[in-house]
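Undergrad: Letter by letter, the chains look like this.
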Amino acid sequence: MTKFYPIYTRLQLPFFSYRLRAGFPSPADDYLENALDLHKHLITHPSATYYVRAQGDSMINFGIFDGDLLVVDRALQPVHGDVVVAALNGELACKVLDLKHRQLISGNDSFSPIPLPEDCDLIIEGVISASIRYHRCLP
Amino acid sequence: MFALIDCNSFYASCEQVFRPDLRGKPVIVLSNNDGCAIAMSKEAKALGIKPFEPYFKMSAACAANGVQVFSSNYTLYGDMSARVVQTLRRYAADIEVYSIDEVFVRPLSIFGTLQEYGQQMRQAVWKEVRIPVGVGMASTKTLAKLANRAAKKINSLNYVCVVENEIQREWLLKKVPVGDVWGVGRRISAKLNSMGIVSAYDLSRANTKHLRKNFSVVLERTIEELNGISCLDLEEIPPQKKQIYCTRSFGEKTESLDEILQATSSYASRAAEKLRKQNHYAKTMHVFLQTSAYDEKSILKNTTIQLPYPTDDTRIIVKYARFAVSKLYEEGYRFQKSGIGLIEIVDKRFVQGDIFHQGQNEKSDLVMRVIDSINRKYGKGTVLTAAEGVEKRWAMKQEHKSPAYTTRWDELPRVRC
Numbered sequence: 001m002t003k004f005y006p007i008y009t010r011l012q013l014p015f016f017s018y019r020l021r022a023g024f025p026s027p028a029d030d031y032l033e034n035a036l037d038l039h040k041h042l043i044t045h046p047s048a049t050y051y052v053r054a055q056g057d058s059m060i061n062f063g064i065f066d067g068d069l070l071v072v073d074r075a076l077q078p079v080h081g082d083v084v085v086a087a088l089n090g091e092l093a094c095k096v097l098d099l100k101h102r103q104l105i106s107g108n109d110s111f112s113p114i115p116l117p118e119d120c121d122l123i124i125e126g127v128i129s130a131s132i133r134y135h136r137c138l139p
Numbered sequence: 001m002f003a004l005i006d007c008n009s010f011y012a013s014c015e016q017v018f019r020p021d022l023r024g025k026p027v028i029v030l031s032n033n034d035g036c037a038i039a040m041s042k043e044a045k046a047l048g049i050k051p052f053e054p055y056f057k058m059s060a061a062c063a064a065n066g067v068q069v070f071s072s073n074y075t076l077y078g079d080m081s082a083r084v085v086q087t088l089r090r091y092a093a094d095i096e097v098y099s100i101d102e103v104f105v106r107p108l109s110i111f112g113t114l115q116e117y118g119q120q121m122r123q124a125v126w127k128e129v130r131i132p133v134g135v136g137m138a139s140t141k142t143l144a145k146l147a148n149r150a151a152k153k154i155n156s157l158n159y160v161c162v163v164e165n166e167i168q169r170e171w172l173l174k175k176v177p178v179g180d181v182w183g184v185g186r187r188i189s190a191k192l193n194s195m196g197i198v199s200a201y202d203l204s205r206a207n208t209k210h211l212r213k214n215f216s217v218v219l220e221r222t223i224e225e226l227n228g229i230s231c232l233d234l235e236e237i238p239p240q241k242k243q244i245y246c247t248r249s250f251g252e253k254t255e256s257l258d259e260i261l262q263a264t265s266s267y268a269s270r271a272a273e274k275l276r277k278q279n280h281y282a283k284t285m286h287v288f289l290q291t292s293a294y295d296e297k298s299i300l301k302n303t304t305i306q307l308p309y310p311t312d313d314t315r316i317i318v319k320y321a322r323f324a325v326s327k328l329y330e331e332g333y334r335f336q337k338s339g340i341g342l343i344e345i346v347d348k349r350f351v352q353g354d355i356f357h358q359g360q361n362e363k364s365d366l367v368m369r370v371i372d373s374i375n376r377k378y379g380k381g382t383v384l385t386a387a388e389g390v391e392k393r394w395a396m397k398q399e400h401k402s403p404a405y406t407t408r409w410d411e412l413p414r415v416r417c
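In the order they appear, the protein sequences are chains A and B. Oh and the first sequence: position 136 is 136 in the numbering used here, straight run, nothing missing. Oh and the second sequence: position 387 is 387 in the numbering used here, straight run, nothing missing.
Bear in mind the hints are in silico, worked out from the structure with no lab data behind them. A couple of the hints might just be wrong.
To be verified - From the structure, some residues in chain A lie toward chain B, with a derived Cβ separation under 8 Å:
#, residue
1, ILE43
2, SER47
3, ALA48
4, VAL52
5, ARG53
6, GLN55
7, ASP57
8, LEU70
9, VAL71
10, ALA87
11, GLU91
12, ALA93
13, CYS94
14, CYS137
Idealized CB from N, CA, C, for every residue including glycine.
Only chain A is shown next, with the shape it has when bound in the complex:
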């Protein structure tokens, strides 16, 4: 039952230090650090993090394009200026949170801002902590 699926998998990229046959120690040995783990780097709250797919062009001014992979963290407290996922009319939508003017704004001039309701917790589903663009092909 408690099986973890791809969101928890890690790919460890090995970091080799070469041992020379002659017995001369690698000068890098003292400087070894852990391998970089992209999953750890992007995700701070694994059990509260979800991946979603962007659809549409309303966020292009913020660098989010159709087909991008978005990392949504539900554990983060949304603050002014965050890119968020909001439930608007029952649909999940990506917007920028403008708390100063109490509205949600799009990253495309042809979309007008949407006023926030009193209790904005009701519609904010999570904070987008990162977006990933594919420069070759959609996996």
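Let chain A serve as the given structure and place chain B on it in line with the hints.
TA: Just chain B, lined up with the frame of chain A:
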């Protein structure tokens, strides 16, 4: 003190996680093969939909009332359940995952009063997983279960019910019919009712010496627990399964032996996989084949078969399951379901070869390890026995299944930009 965190209408709630449009709406989830309703949201309950009602009887009413119907999506439910548990781990060191939607924890005092503690857990799970839960707390697990039930039923409690003193305990017990007490089934409760024991309170005051004659020791333990004396502790390590069953209905009833063989092979292979996961070997296997009980020509056949030696080798388990089911098969029946159970299993470490047979050889172990790791890496069913077939005509009917939102790259939720 024990706290029980129980997810509200869990499967229906899972279907609402990525569908905010469905929150507050009637939602039902059907059993395997879309047979009957097994879970429903509060709103669906209010419409009078009863659990275990066959779906074909109510599909028209569902459509007329705008009820959203889903086939069960256990991949999604499993992932959501794991997330709920992960979230709760921040709030407790001692945790027992009791079922897919129930978790017992031992409360920690650093989070304020017990009420505050309960609310914090509830809010965290809602915020981070979007699953609504209720929390019940009391000095025993049986009482915590009852408190949890009250937490959901009594609006003013706001989904957290703490039973801390005698007055609260008596108040709670008097509200609950004895049949709703953990471990008291329908048969026992009928018997108790006839003895004048109607509420949980009555049971807590009953004369144990008198009851001992008619009931098992389990009931005696329940009475102690109702009186605040803890007899059941947290089981942090789930007990290993003593039997492994894998049984399922076919998508459509079938007369074809070929299809039955394929289906049974796949169940056998699944059971073998589970067996290896807990590092056991099987010695005896139970195989059955049946029609629907409602069919005019109805039949249920089963047999027990001894494996040649204790094994976890899919190939051997599948071979014997096929042999058994082909012996059970009779022409002229429209079979609905088959299944296999590994009913006698032993820990791998304690198996010795006997003088007549060496037991499973290392090569088998190795082959199974390779198969398991390939399937783990590249997805279930990447390597399978040919017996399971490629075109699965017998496969389950799942006409209303939601996407595997969190476990497949091609089924991720879409967000409008």
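Undergrad: Would you pick out the hints that fail for this structure and give their numbers low to high?
TA: When the structure is compared with the hints, numbers 1, 9 and 14 turn out to be violated.
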